[in-house]
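Produce the complete structure using the sequences and hints provided.
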Amino acid sequence: MSLADAQRITAAPFMTGYSAGCMVTCEQFPERPGLAFRWTASVIGNEVVMDLAAQGVGAALKCISWPRSIELGNAATDLTVIPRMQGMLLPGNWPQAISAEDLVNSRAFYLPWWGQIHDGRGVQTILETTSDAGGRYVHPAGGPTSVEPVWFASLGQFGHLRTIRYVFDDAATYVTMAKRFRRFVREFADVRRNIKRRLGLLAPLTVLAAHALKQVSVLTQQAQSSAKPILRSFAHPPLPQQKRYVRLMQTSRRAVPAGRQAKRRRTLRSSKSTYINNAKSEKTVSITPTNASTRTIEQLQSA
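Every position in the sequence shown, counted from 1, becomes a number in this note's numbering once 559 is added.
Hint data in this document are derived by calculation from the structure and do not stem from the laboratory. These numbers come from a predicted model, not from an experiment. Just so you know, even glycine gets a beta-carbon here, dropped at the ideal spot from N, CA and C. There's no promise every hint is true.
For each label pair, taking beta carbons as the anchor points, the in silico distance ranges come out as [stated by the list, open to error]:
| hint | residue 1 | residue 2 | range |
| --- | --- | --- | --- |
| 1 | S578 | T735 | 21 to 31 Å |
| 2 | Y577 | L714 | 27 to 37 Å |
| 3 | P572 | Q614 | 18 to 28 Å |
| 4 | E590 | M647 | 21 to 31 Å |
| 5 | R745 | P589 | 39 to 49 Å |
| 6 | A579 | G701 | 39 to 49 Å |
Below, simulated SDA-like cross-link-like pairs (lysine to any residue); rule was C-alpha separation at most 20 Å, straight line [said to hold, decoys possible]:
| hint | residue 1 | residue 2 |
| --- | --- | --- |
| 7 | K738 | V682 |
| 8 | K738 | N605 |
| 9 | K621 | A595 |
| 10 | K738 | Y725 |
| 11 | K621 | H719 |
| 12 | K621 | D691 |
| 13 | K621 | S690 |
| 14 | K738 | L670 |
| 15 | K738 | M644 |
| 16 | K738 | A612 |
| 17 | K738 | G679 |
| 18 | K738 | G646 |
| 19 | K738 | R724 |
| 20 | K738 | L720 |
| 21 | K738 | D691 |
| 22 | K621 | A712 |
| 23 | K621 | A659 |
| 24 | K621 | L720 |
| 25 | K738 | L648 |
| 26 | K738 | A748 |
| 27 | K621 | P592 |
| 28 | K621 | G593 |
| 29 | K738 | F727 |
| 30 | K621 | P589 |
| 31 | K738 | E687 |
| 32 | K621 | D610 |
This is how it looks when you write it as C-alpha cells:
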C-alpha cells in the first residue's frame, strides 16, 4: 500500500518564526478505510525536518517506509556512508552485493544516520526519534545503492510521532556528516540537561513545600489533641474556681515529672494515714471534781 493510494489528499502551508513548510493529510484508503496519515515538512536553512503521525493503524500494519529512498548512480564518485559496524563507505560501482534491514543501534546501523554523496554534494539523513526506527539499504552487484528509513510498529501501533531530518551540504564528506551528527547529539543532550536542571531547581522547593505541609499537619494534630480536654471540661460555662483548678492541674501535670508526682502522692497518702492514726489514738480527757476537791472548796467558802 502506498500513500498515493489515498482517495483524499489535502495540503496546507504554514509559517513559523524559524521555518516554512506544509502539512499533508492522506486518508480514505480503499484497503483501510479508517487509516489516515498526517505528515509535515519544515524547511530550516539548508535542512528539512519531516514528521509523520498515523491514525487508525491496526495490528496488520507492521512498518512504514517513509519518505521514499534516495538512490544515486553507479559511478565511483557516488558514495554512500553507512554506519555499519565501524562504518562503511560504499562506492556506487562496488562489485559485491550488500543489503540489510534492521533497527538502529544494531549491527547494520550502529548509529541513527547515514549519508549519500554525489560529486562532492551530499545529503545526510538523521533519525531524530530512534524508538522503533531503522533503515534498509540495498546495493546490487555493480550498483546503484538505495537507502530508505523504516518505521516499525510499537506493539502493533504507531502511537508516537516519527521525526526525520535531512541535511544538505555542497561540500559534504563523511567527516562533515559525522560532525553534524555529533552536534545534533550535543544539542539534544543540552535540551535534556536543561530539563533536568530546571527540574532540579524545582526539586528543593517541592521538598520544602512537602516538609512545611507535614509540619503544619503535625502542629494541627497537636493543637487538636491538647484542645480536646479543655473543650470537654469547658462544655458549660465554668465557675472561676473551676477554671483555676483546671489551669493548676494542667500546669502541674506539665511541669512536674512522673517520678516526682508519684513521690508527692505517696507523701500525701502517708501524711493522711498519719493524721487518721493520730486521731484514733487521741483520748478525750474530762475533768470531773472529786470528793476531796469538793470539800476543799466548801471549806474555803465557809472561811
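Results for each hint:
no.: 1; hint: S578 to T735: 21 to 31 Å; result: holds, 22 Å
no.: 2; hint: Y577 to L714: 27 to 37 Å; result: holds, 35 Å
no.: 3; hint: P572 to Q614: 18 to 28 Å; result: holds, 22 Å
no.: 4; hint: E590 to M647: 21 to 31 Å; result: violated, 37 Å
no.: 5; hint: R745 to P589: 39 to 49 Å; result: holds, 46 Å
no.: 6; hint: A579 to G701: 39 to 49 Å; result: holds, 41 Å
no.: 7; hint: K738 to V682; result: holds, 14 Å
no.: 8; hint: K738 to N605; result: holds, 16 Å
no.: 9; hint: K621 to A595; result: holds, 15 Å
no.: 10; hint: K738 to Y725; result: holds, 15 Å
no.: 11; hint: K621 to H719; result: holds, 15 Å
no.: 12; hint: K621 to D691; result: holds, 11 Å
no.: 13; hint: K621 to S690; result: holds, 15 Å
no.: 14; hint: K738 to L670; result: holds, 13 Å
no.: 15; hint: K738 to M644; result: holds, 18 Å
no.: 16; hint: K738 to A612; result: violated, 29 Å
no.: 17; hint: K738 to G679; result: holds, 16 Å
no.: 18; hint: K738 to G646; result: holds, 14 Å
no.: 19; hint: K738 to R724; result: holds, 15 Å
no.: 20; hint: K738 to L720; result: violated, 26 Å
no.: 21; hint: K738 to D691; result: violated, 24 Å
no.: 22; hint: K621 to A712; result: holds, 5 Å
no.: 23; hint: K621 to A659; result: holds, 17 Å
no.: 24; hint: K621 to L720; result: holds, 16 Å
no.: 25; hint: K738 to L648; result: holds, 16 Å
no.: 26; hint: K738 to A748; result: holds, 15 Å
no.: 27; hint: K621 to P592; result: holds, 17 Å
no.: 28; hint: K621 to G593; result: holds, 16 Å
no.: 29; hint: K738 to F727; result: holds, 14 Å
no.: 30; hint: K621 to P589; result: holds, 18 Å
no.: 31; hint: K738 to E687; result: holds, 16 Å
no.: 32; hint: K621 to D610; result: holds, 19 Å
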